[in-house]
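Enquirer: Below are the chains, spelled out letter by letter.
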Amino acid sequence: MTSRGITLEIPARPEYLSLVRAVVSAAASLDPGLADQRVDDLRLAVSEATTNAIEAHADMGSDERISIRCALGGDRIEVEVRDRGVGYEGEALDDGTLAEPGQHSYEGGFGIPLMRVLADEVKIRPLDLGTAVQLVVYTSPVDKG
Amino acid sequence: MVPRYDRGGCGGSASYPKTRTKLEVVLLTVRMEEYEHWTVLHAAGEIDMSSGPVLRNELIGQINEGRIHLAVSLAAVEFIDSTGLGVLLGGLRRARGNGGELRVLDLPDRICEVFALTGMDAIFSTSDTLDALCTDIDLTVDHPEASPQSSPARGVQP
Chain L
399 MTSRGITLEI
409 PARPEYLSLV
419 RAVVSAAASL
429 DPGLADQRVD
439 DLRLAVSEAT
449 TNAIEAHADM
459 GSDERISIRC
469 ALGGDRIEVE
479 VRDRGVGYEG
489 EALDDGTLAE
499 PGQHSYEGGF
509 GIPLMRVLAD
519 EVKIRPLDLG
529 TAVQLVVYTS
539 PVDKG
Chain W
84 MVPRYDRGGC
94 GGSASYPKTR
104 TKLEVVLLTV
114 RMEEYEHWTV
124 LHAAGEIDMS
134 SGPVLRNELI
144 GQINEGRIHL
154 AVSLAAVEFI
164 DSTGLGVLLG
174 GLRRARGNGG
184 ELRVLDLPDR
194 ICEVFALTGM
204 DAIFSTSDTL
214 DALCTDIDLT
224 VDHPEASPQS
234 SPARGVQP
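Residue numbers (the numbering used here), protein chains in the order written: chain L, 399 to 543; chain W, 84 to 241.
So that you can see chain L by itself, here it is in the shape it has in the complex:
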């Protein structure tokens, strides 16, 4: 499988989120096997992962950069968001779906469940320092006539 892609490194600051979304969307749009709706799904999932990464850095006052690697190839697009912040809480790693609506009485907690709904695969793994979140969306074969 050949793959092509890009890597983006950003300061852990919220004002860079829109840049990440724009770059990942543009890269994903290069794959003709990915419908516009799936590009939107990936864009939102990556934004959630990057938001979590920014929050992780903020929690420890880190000014390290966050890396976002987007690889296109084969039957999938993979995006990996790596931070160097504090790890996720254990319960956040559960495979559970979104909470029942009545539970949303607070102003957060949607991020990881939303990623799991939007992406075809989500893998969250701790690093020696930080966390890597891998998001995968499958692409459809393109009829080359």
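Incomplete in silico selection of chain W near chain L, CB under 7 Å:
1. Leu110
2. Asp131
3. Met132
4. Ser133
5. Asp164
6. Ser165
7. Leu168
8. Arg193
9. Leu200
10. Thr201
Listed next, with one range per pair, are the computed distances between beta-carbon atoms:
11. L:Gly472 x W:Glu148: 53 to 63 Å
12. W:Ala159 x L:Asp526: 39 to 49 Å
13. L:Pro524 x W:Val109: 33 to 43 Å
14. W:Asp214 x L:Leu527: 50 to 60 Å
15. L:Asp473 x W:Ser208: 35 to 45 Å
16. L:Asp457 x W:Glu117: 35 to 45 Å
17. W:Gly149 x L:Asp457: 31 to 41 Å
18. W:Glu148 x L:Tyr536: 46 to 56 Å
19. L:Leu527 x W:Ala158: 35 to 45 Å
Taking beta-carbon pairs under 7 Å as the criterion, some of the chain L residues facing chain W (in silico):
20. Pro412
21. Glu413
22. Asp438
23. Ser445
24. Glu446
25. Thr449
26. Phe508
27. Gly509
It should be emphasised that the hints constitute simulated quantities derived from the structure, not laboratory data.
For glycine and all other residues, C-beta sits at the position ideal for the given N, C-alpha and C.
We have chain L already, so just place chain W on it with the hints.
Expert: Chain W in isolation, oriented as in the chain L frame:
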């Protein structure tokens, strides 16, 4: 969304600039209009961790000033993430905590999908429109404690 980059000391080099690059992005604008009992906030742009505080502060400010029947028009919102949803939930909680209500109006299809995926469509009606709001001045009736004649609370409940 039109990002504008002050390249600072970057100069096209592949290495990081020695001076901090300034990234100025106008993601979200919020314009307020009043219709009968309702205060409508027209949001335009993207609502995320960066821009969410703009809307959150606007909602809190309106409630603090006694405008507790709020509607947020999302017709011109191109993107919303979990932070944006949290801002709307927080606004709803504060509005109701002060005897009012918060509605969302004119959801684009994509935003509607996000509400459905997160279960937010069980909390907010996703079919309300500004037209309906303007023609049905009794919309507050379905939230009994939100009488428009009542004296609005001045403080914001946490």
